[in-house]
Amino acid sequence: MSSAMIDLILRATLDTLYMVAISGVIAALVGIPLGVLLYVTRPGQVLAQPAVNGVLGIVTNIGRSIPFIILMVAIIPFTRMLVGTSIGTNAAAVPLTIAAIPFIARLVEGALNEINPGLVEAAQSMGATPWQIITRVLLPEARGGIFTAMTVTLVTLVSYSAMAGAVGGGGLGDLGIRYGYNRFNPTVMMITVAILVVMVQGFQSLGDYLVRKSDHK
Amino acid sequence: MIRLHNVSKIYPLKGRRGGSPRTIQALKDINFHVPAGQVHGVIGLSGAGKSTLIRCINLLERPTTGSVSVDGQELTGLSRQALNQARHRIGMIFQHFNLLTNRTVFANVALPLELMGMKRAEIHQRVTPLLELVGLADKARQYPAQLSGGQKQRVAIARALASRPKVLLCDEATSALDPQTTGSILALLRDINHKLGLTILLITHEMEVVKSICHRVSLISDGELVEEADVGDFFTAPRTQLGREFLNDFLQLEPPRSLFERLDATPGERTHPVVRLAFSGDAVSTPLISRLARECGVDVSILQAKVESIQERTLGLMIAELMGPPAKTREAIDYLESHDLHVEVLGHVQRDD
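Quick mapping for you: the protein sequence lines, in order, are chains A and B.
Anchor point for the first sequence: position 118 equals 118 in my numbering, and the numbering is continuous, going up by one each time.
Anchor point for the second sequence: position 249 equals 249 in my numbering, and the numbering is continuous, going up by one each time.
Take these hints with a grain of salt, some might be off.
Taking CB as the label site, the calculated pair distances span [said to hold, decoys possible]:
id : chain 1 : residue 1 : chain 2 : residue 2 : range
1  : A       : V59       : B       : R141      : 42 to 48 Å
2  : B       : A36       : A       : E114      : 38 to 44 Å
3  : A       : L71       : B       : T64       : 45 to 51 Å
4  : A       : L71       : B       : R141      : 44 to 50 Å
5  : B       : A121      : A       : G110      : 38 to 44 Å
6  : A       : I62       : B       : P12       : 29 to 35 Å
7  : B       : Q311      : A       : R212      : 26 to 32 Å
8  : B       : S8        : A       : R212      : 47 to 53 Å
9  : B       : A121      : A       : V200      : 42 to 48 Å
10 : A       : V59       : B       : A187      : 53 to 59 Å
11 : A       : L71       : B       : G135      : 54 to 60 Å
To give a feel for the contact side, a few chain A residues facing chain B, derived at Cβ under 8 Å [claimed, not checked]:
id : residue
12 : D7
13 : I69
14 : A122
15 : G127
16 : T135
17 : V137
18 : H216
Calculated pairs, DSS-like style, for lysine-lysine (alpha carbon to alpha carbon, straight line, at most 30 Å) [as the list claims (entries may be wrong)]:
id : chain 1 : residue 1 : chain 2 : residue 2
19 : A       : K213      : B       : K139
20 : A       : K217      : B       : K328
21 : B       : K166      : B       : K139
Quick caveat, the hints were computed from the structure, so don't treat them as lab data.
Note that this is a predicted model, so its numbers are computed, not measured.
Beta carbons: idealized from backbone N, C-alpha and C, even for Gly.
Work out the full structure: start from the sequences and follow the hints.
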């Protein structure tokens, strides 16, 4: 294999990591609070707001039901407005982030749902405010579940980022299609897939480690 | 210290049929008062409204009508913020402990103090003696998952005491524990009641709990308080059928089954009364049974008997058949009642002779 080819693979690997990292971080910053909001505004919860909960639920579901490849194309004007272009890794990070937000939100909501409601009741009996319940009880108790949610999200983003190649996003998926499939180079195809496998394994192991470290259930 | 006035709680039931919304009344017009320093028990079967009642005291459940006051402060009219302040003075422990799994023992006990905005150094000074009080000073850095049920409840007790409350609410605090651990937790609660003068309200379905730490007891059934008495009186002579059932279950003092089936409600020409006798105080040490034979000419066949000590009082219980002509047995019952025995005629059996 030529050194130019190796450079290409290296470049694509970094692009993929960059897209996954930036969209993962931004989506976590928005998605985790959204997940908390989905949980605490439920009827009977500490900030019960059935109307707000209903609207948030519908918006989240819409976000989750749009196929990623369609989302990517549909928000091109928005992407262009945000990052000035619709091609490249930055441009691909926009739809990746938008797809990951509702995904994380639902997973975080599920993690919070696992918490024994008795803990919230106990905190209320101590005179905790809703904000204190969120920051001192719900988030720390769901820590393990939130790490699991982030792991699943990152793995999903790795595979979504491969599709981003379709709009000129670059990365390993793009490389695999262009060189491996279109130019009949099975070696490149195999290598990109192998790197993706290693990447996913890495995220999963890191996630598992963090869950083990942080959860004392 | 705790006063409930005309408290009712009505829950709406899901689903409407026939136009009007259906409701279920969990508490009906509850009035009661627990004086400072007392241990008051509320006993009832599951579904009787015990949990709702105790949750109405710190307003985890808001009563539909009526008012709740704790330490002279009416809670039902308070703003959210003032209620949170008031809750610092009401500790609560739960059947399933409700400890935060991702906090150490120390951090669990520190939680209510953090919520109050206390400084770290001060928290440290408060938590350490509390862990000593509940006997867990050496477990401060462990997580709840590493503790036994009894130890978890001790942590929960220390946590409930951290904000120096005036009142402790115990929601079935020993129901998930084995009898031995129950004993040690009850001893700890009794100790706290003595040492700190804390007022304790507990709900339970176990007579053992009432017997060993309560001063007074209320009986709840279908959301109503049907009986309230000093514990000694309740164990001698419950006034309601439900009270008697609880007591009989606890003492396991029932007439033998074969006899029970032969019992008639009304006396006949040739029947003997079967009575349940309860006696406390002086009567325990008086040889009443032999006197009964001598002075009334009635033979007594003892079917079951038991002596229990309920806190400082000794309590005797007996199921006996009084054998003799109807006039004599009636005289015997009067004689027993005149000696402060509580006599309940369970029924009548045919004479074999």
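Hint-by-hint comparison with the structure:
| no. | hint | result |
| --- | --- | --- |
| 1 | V59(A) with R141(B): 42 to 48 Å | holds, 44 Å |
| 2 | A36(B) with E114(A): 38 to 44 Å | holds, 41 Å |
| 3 | L71(A) with T64(B): 45 to 51 Å | holds, 49 Å |
| 4 | L71(A) with R141(B): 44 to 50 Å | holds, 48 Å |
| 5 | A121(B) with G110(A): 38 to 44 Å | holds, 39 Å |
| 6 | I62(A) with P12(B): 29 to 35 Å | holds, 32 Å |
| 7 | Q311(B) with R212(A): 26 to 32 Å | violated, 50 Å |
| 8 | S8(B) with R212(A): 47 to 53 Å | holds, 49 Å |
| 9 | A121(B) with V200(A): 42 to 48 Å | holds, 47 Å |
| 10 | V59(A) with A187(B): 53 to 59 Å | holds, 55 Å |
| 11 | L71(A) with G135(B): 54 to 60 Å | holds, 59 Å |
| 12 | D7 | violated, 46 Å |
| 13 | I69 | violated, 39 Å |
| 14 | A122 | holds, 4 Å |
| 15 | G127 | holds, 4 Å |
| 16 | T135 | violated, 10 Å |
| 17 | V137 | holds, 7 Å |
| 18 | H216 | holds, 4 Å |
| 19 | K213(A) with K139(B) | holds, 20 Å |
| 20 | K217(A) with K328(B) | violated, 69 Å |
| 21 | K166(B) with K139(B) | holds, 26 Å |
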